[in-house]
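Take the sequence shown: its letters are residues -26 to -1, 1 to 230, numbered as in mature numbering (1 follows the signal peptide of the UniProt record, and there is no 0).
Source of the hints: derived by calculation from the structure; they are not laboratory data.
Predicted model, so just to flag it, every value in this text is computed and none were measured.
Cβ coordinates follow ideal geometry from the N, Cα and C atoms, glycine included.
Check each hint, because a few of them may be wrong.
Derived CB-CB ranges, DEER-like [what the hints assert, rightly or not]:
| hint | residue 1 | residue 2 | range |
| --- | --- | --- | --- |
| 1 | G102 | G71 | 17 to 25 angstroms |
| 2 | E95 | L200 | 32 to 40 angstroms |
| 3 | N43 | W19 | 21 to 29 angstroms |
| 4 | P201 | T99 | 21 to 29 angstroms |
Calculated cross-link-like contacts (lysine-lysine; reagent style PhoX-like; alpha-carbon spacing at most 20 angstroms) [unchecked claim]:
| hint | residue 1 | residue 2 |
| --- | --- | --- |
| 5 | K51 | K208 |
| 6 | K192 | K137 |
| 7 | K25 | K53 |
| 8 | K192 | K208 |
| 9 | K25 | K7 |
| 10 | K60 | K72 |
| 11 | K208 | K79 |
| 12 | K97 | K45 |
| 13 | K51 | K64 |
| 14 | K53 | K208 |
| 15 | K79 | K137 |
| 16 | K148 | K97 |
| 17 | K45 | K25 |
| 18 | K208 | K165 |
| 19 | K79 | K51 |
| 20 | K25 | K51 |
| 21 | K208 | K78 |
| 22 | K10 | K45 |
| 23 | K51 | K78 |
| 24 | K192 | K165 |
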Amino acid sequence: MSPSFTSTFSFTLIAIGLFVGSQANAQTQEVPKPPKMVPEMTEFWEPEPRKVTPGVNNAAPSDAIVLFNGKDLTAWKAKDGGGDAKWEVKNGAFTVGKGDISTKKEFGDFQLHVEWSAPDEVKGTSQGRGNSGIFLQDRYEVQVLDSYNNRTYSNGQAGSIYKQHRPLVNAMNKPTEWNVYDIIYTAPRFKEDGSLFTPARVTVIHNGVLVQNNVELKGPTEYIGLPEYKAHGKASISLQDHGNPVSYRNIWIREL
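Please construct the entire structure, taking both the sequences and the accompanying hints into account.
Set out below in structure tokens:
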């Protein structure tokens, strides 16, 4: 056996020995343990939520935009043509007149508070009784209807997302009493090519009762046929003239 071969062989044995030894040491070493959890590890202080002063008795909170103050319709316009809203204002409320009306300002995601009253004098049945509607972004209708002892199709009664989602329950107050809607709305998002990325979602609380629980909208409201999304941006809140003297008051909105 040559000296050079002997040296090489010895070096190889030493290297193997060192490798085996290091592996054995690694296996015997303890894995570092994470530090013991303390409450402060799951606390964060920034950013601090901004202060909002709540309203009293359904009044607008400090960061809301008041859409009706009980005095005039300066925040509204006629939907058709954009002129002045012609609905009558009286005793701190306004009543459906001729033609739909829309807010002058346009909105994306929001929290909307609306109080409404079906006519005190009960007339008609089904969809012909106290009918109006609140259109979110001018497209997606939360139904307004006198559904107190008034049977109609379930996805068309008060609190429904018209022709899409029936309300979980009928929380309607009796005639002569006001109803309250609190609506949380997330606008749809669209891709650059105009196709839908995420659909609109709506939560509705009717007189303090949850009637729509973050439901997914299938598209704009359609009276006939199936809904289909078309790309859009911010848009108005609209109120429907359905030929019935429904009244509204205390309307405010918070942009989200």
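Here is what the structure says about each hint:
no.: 1; hint: G102 x G71: 17 to 25 angstroms; result: 18 angstroms, holds
no.: 2; hint: E95 x L200: 32 to 40 angstroms; result: 37 angstroms, holds
no.: 3; hint: N43 x W19: 21 to 29 angstroms; result: 38 angstroms, violated
no.: 4; hint: P201 x T99: 21 to 29 angstroms; result: 27 angstroms, holds
no.: 5; hint: K51 x K208; result: 17 angstroms, holds
no.: 6; hint: K192 x K137; result: 10 angstroms, holds
no.: 7; hint: K25 x K53; result: 35 angstroms, violated
no.: 8; hint: K192 x K208; result: 18 angstroms, holds
no.: 9; hint: K25 x K7; result: 41 angstroms, violated
no.: 10; hint: K60 x K72; result: 7 angstroms, holds
no.: 11; hint: K208 x K79; result: 9 angstroms, holds
no.: 12; hint: K97 x K45; result: 28 angstroms, violated
no.: 13; hint: K51 x K64; result: 18 angstroms, holds
no.: 14; hint: K53 x K208; result: 16 angstroms, holds
no.: 15; hint: K79 x K137; result: 27 angstroms, violated
no.: 16; hint: K148 x K97; result: 14 angstroms, holds
no.: 17; hint: K45 x K25; result: 28 angstroms, violated
no.: 18; hint: K208 x K165; result: 15 angstroms, holds
no.: 19; hint: K79 x K51; result: 10 angstroms, holds
no.: 20; hint: K25 x K51; result: 32 angstroms, violated
no.: 21; hint: K208 x K78; result: 12 angstroms, holds
no.: 22; hint: K10 x K45; result: 61 angstroms, violated
no.: 23; hint: K51 x K78; result: 6 angstroms, holds
no.: 24; hint: K192 x K165; result: 17 angstroms, holds
The structure shown violates the earlier hints numbered 3, 7, 9, 12, 15, 17, 20 and 22.
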